[in-house]
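Q: Residue numbers (my numbering): 3 to 245.
Hints are computed from structural coordinates only; laboratory data are not their basis. Glycine included, every Cβ here is placed at the ideal spot set by N, Cα and C. Please note that the accuracy of each hint is not assured.
[Unchecked claim] Now the in silico label distances, taken between C-beta atoms and shown as ranges:
#	residue 1	residue 2	range
1	R39	A228	36 to 46 Å
2	G142	V101	31 to 41 Å
3	D5	G142	33 to 43 Å
[Unchecked claim] EDC-like mimics (lysine to aspartate or glutamate), calculated; alpha carbons at most 20 Å apart, straight line:
#	residue 1	residue 2
4	K56	D25
5	K56	D74
6	K102	E213
7	K56	D76
8	K102	D221
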Amino acid sequence: MTDLDFREAGLGADAIDYLAAWDLQREIHAEVVAGDRPATVLLLEHPPVFTAGKRTDPHERPADPGGAQVIDVDRGGKITFHGPGQLVGYPIVRLPDHVKVVDYVRRVEEALIAVCADFGVTTARVPGRSGVWLQADARGPERKIAALGIRVSRGVTMHGFAINCDVDLGWYDRFVPCGIADAGVTSLSTELGRDVTVAEVLPSVRQHLNELLAWQAYDATPDYEARPEPGHAPKIHLLSPSA
Numbered sequence: 003m004t005d006l007d008f009r010e011a012g013l014g015a016d017a018i019d020y021l022a023a024w025d026l027q028r029e030i031h032a033e034v035v036a037g038d039r040p041a042t043v044l045l046l047e048h049p050p051v052f053t054a055g056k057r058t059d060p061h062e063r064p065a066d067p068g069g070a071q072v073i074d075v076d077r078g079g080k081i082t083f084h085g086p087g088q089l090v091g092y093p094i095v096r097l098p099d100h101v102k103v104v105d106y107v108r109r110v111e112e113a114l115i116a117v118c119a120d121f122g123v124t125t126a127r128v129p130g131r132s133g134v135w136l137q138a139d140a141r142g143p144e145r146k147i148a149a150l151g152i153r154v155s156r157g158v159t160m161h162g163f164a165i166n167c168d169v170d171l172g173w174y175d176r177f178v179p180c181g182i183a184d185a186g187v188t189s190l191s192t193e194l195g196r197d198v199t200v201a202e203v204l205p206s207v208r209q210h211l212n213e214l215l216a217w218q219a220y221d222a223t224p225d226y227e228a229r230p231e232p233g234h235a236p237k238i239h240l241l242s243p244s245a
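Turn these sequences into a full structure, and let the hints guide you.
A: Written as structure tokens, this is what we have:
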């Protein structure tokens, strides 16, 4: 497989509105489906916004969104936050016939685990809870550093991931992130005690996505202990391939 086509769609002062980025995703998705464009990854930041996936319960929405929009979206999962200091990636790639949707999600998670390792932060998956996590330790409870929400349509992926670099974690006090009330949220900056910018993280993200989305065999990082979401059996939160 050739390298992915990475496109910086709006970073820093040029952060792109969520709805505009969603329109851009759909445009590129149609081109990839038609075979008119190679596999593409949009890398960007959003102004503050809450996005609610298909499984979001009413009580999980922010009572006070602090002036940010709350937008219902067509990906799997629950509600999450995007904002400055968070690197968002939307891989728009055709899945090979031998790659199942769950395998794709695991590969994106593995790429983000490797990104964190590049910065000296140890993470892994928590079965039953999508995303990338730190274990509970003296610094705090089990906490999520990267979130995923995926849609696959006509064999091509949409939506994607967000990794917290130097995002203002105060936004996460306004809602129940991903519907999980018994764990925390963190960032690379918080864990390392220094400012880790989106620009600093970009090269690592490009490298590891290229490696993991080349669809070759890889050694998966061992999982942490399984922790199903409260009231739910362990599962992957995503939408099945659809027409």
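Q: Please flag the earlier hints that this structure goes against, numbers listed from lowest up.
A: Structure breaks no hint.
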